[in-house]
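**Student:** Single-letter residue listing:
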Amino acid sequence: MRQLLALAGARLQAPVGTTVRIAGVTPTGERWQSELACEPHRGEWAEPIGNYPSLPLEWETRLADGIAYLRLSVFAPAAMRPLRTFLRGLKAGDGLIIDLRGNPGGITAMAPGLAGWLMDRETSLGSVRLRRGGMGYPVYPQEGAFLGPVALLIDGGSASTSEILAAGLRDLGRARLFGERSAGAALPSLFKTLPNGDLFQYAIGDIRSPRGQSLEGTGVAPDEAVGRTAADLASGVDAPLAAATAWLRSRLGNENRESKRGGGSGS
Amino acid sequence: MNRLVATAAAVIALAAETAAAEPPAGADVGGTPAERARIVVQRWEEAQGMRRAHAEVFPRDAACEISTGDNGPAIKARFIDSGAGAYALLVQRPDGWRYGEFSAQPGEYWFVSDTLGLGRFSGTSDLVNLMRQARVARLPGKLMEQVRLPDFARDGRTFHVVGTKEVAQPVQFRLFDPERGTLVQVDTINDRRQVTERIRYGDFRAVDGVLEPFETVFGEGPQRVTIRTVKAANRFAPPPGFFKPSSAQVSLWQRTEDILKKYVAASGGYAALAQIVSRVTRIEVTNEGAGLTYQLTLSQKAPDFFLSEADMPGVGRAWQGFDGQTGWSYGELQGFRPIRGEELELFRRNGMLDLENFPKRFPIRRSAGVKEVNGRRTAVLELANLLQRTGLHSFDLETGQLLRIEAELDAGGEGRVPVTIDFSDFRAVDGVTLPFRTDLRHPAFNTVTRVL
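Protein sequence lines correspond, in order, to chains A and B.
Residue numbering for the first sequence follows the working numbering, beginning at 1 and increasing consecutively.
Residue numbering for the second sequence follows the working numbering, beginning at 1 and increasing consecutively.
This list has only true hints and no planted wrong ones.
Keeping only pairs whose Cα atoms sit at most 20 Å apart, straight-line, the calculated SDA-like set for lysine to any residue is: (1) K244(B) to F121(B); (2) K192(A) to N287(B); (3) K192(A) to T293(B); (4) K192(A) to L440(B).
In short, the hints are calculated from the structure, not lab data.
Okay, chain A solo, but in the shape it has when bound (with noise of 0.2 Å):
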């Protein structure tokens, strides 16, 4: 299935200007085509980083009944600030839903850089391991730090940084995984202008989460698999997003509970 979505997904990028013909099947069986008109990105792009070339940049934040969602396209630097602001202003008693569905990594220091905001003290969301030595993706507790319970969302276009960052929050306790499993191409990488302008992107470690389990080819698995069918779809009904955010509000019920009971006894 991943395969498939993924060489799905390679065959709908074209150049600016052409027009990529598509056929599917609705939920009912019925058959259908349709022409894509391939048009450049109208939102924000991320700035390049030297080498690293600009993509679109698609963020998303928003706070309903103490569920607040996050959703991040690509891990690019802009998105920082406005995440960070969001993060700080959440409260002690809302729940978090990260959904890095489709997302293929970025600037990786941005995983550990997320991650301070959401622990209290310091940690490692993995290592990795170099041609000589080793590097850790350290983890630095900010002030006002989010230390809610915290639900993520990946699937099988979750790539590279999104996958430290799943595996790292889930390893160290601190995020609980819905989805379905993450692609499995996270080694870190760099990359080289060659003569004729081109970029060689190559790896240069190999990566393990906290607790050791290689992320390369394997990917990251969901704590609750759960994945979308054409009905789902044809509905719209994100049923990832129904499970965490169900998840979310049983873990903050029994929280609540729990601490009007202890206010009670304490009394």
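For this one, chain A is given, so just place chain B on it according to the hints.
**Tutor:** Chain B only, in chain A's frame:
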């Protein structure tokens, strides 16, 4: 002086209040507070043999285990104290690293380790000072006041208390075991009657007929240091030269000192370096792996304060600083983080403004031979201080310049990475010679910095 007299007066006043309220228990009921204190102190001197002749006791030899807080493996140590200033402290840390500290005469304090080489210091280390206090707690020599204070009860036991005041020193409260006469606790008190330092003595055992504490605890809580004596002997007979490094070792150390002095001279010399008390440098940084080039401004103030401000395209601004005590970093991606340990040491060393103090800052040195660096023959020294090792430093044999540092750095989590920094393009600025280019090689990336 007025404050000192006032503090002493406070102790006497406290004693007088107590005397008026209720006489302390025990045989020392009559007399003035000073006379009653003397009775307690005399009992202690007899119990712990404090009036023995010097030659009856020294040199003393003790094997100890030193631990911090509640947990953690203990450091093993052997301390030989001549009683006349000379000493030798041999330490084996839990990680297996062994080193020794010794001194034969005031002003010459040596450090030696199998792995780090020989070091020369201007004073004794904290550990030596603790070891000296661990077995003997003599009364201050120039005692100003000594008064009997109210008894103190703890855990169902009562202790006799004597307040002492030495010239130019804070007040101390000394707790004595009324049954054995031993000194069990020394509290140092500030002007607000708060305990600033506490030493507790316990596990008394007889050595040559007198009682000695075999367990001494300095401080309280997780920071406390406990020294447990495993074996103790008086009148140890050290072989000749025991407290001195060999002449060959001293000669080796002197050669490292000459190399570092030549480096100071090549950098402009003591006089010129001492005149530079602040500097602002504009630097261009190129991270070759990431294809990223940006500029930073480094502001420095003697001795080693710094603030660097960088503006990275696509990433944002980032700051790093050190105010003499705390190293810190703030960046758009990672937020605030502390800079400490080896990373801080590397920052301080690279940006060191008071280069004239370079030899003093790295008193522990090991010669690692001669090797070629970028076509130049260099003398390689491993430099360290008591806090940490700082890696291999290659000094140009001809010019004296520092051409390369090779170090292994903490890289987050349990990671460590080898790093090599090459210095080149030396130019003179205000009589001081600086490298205008550094090339940092890291397993994951290479960075070139150029002074603009």
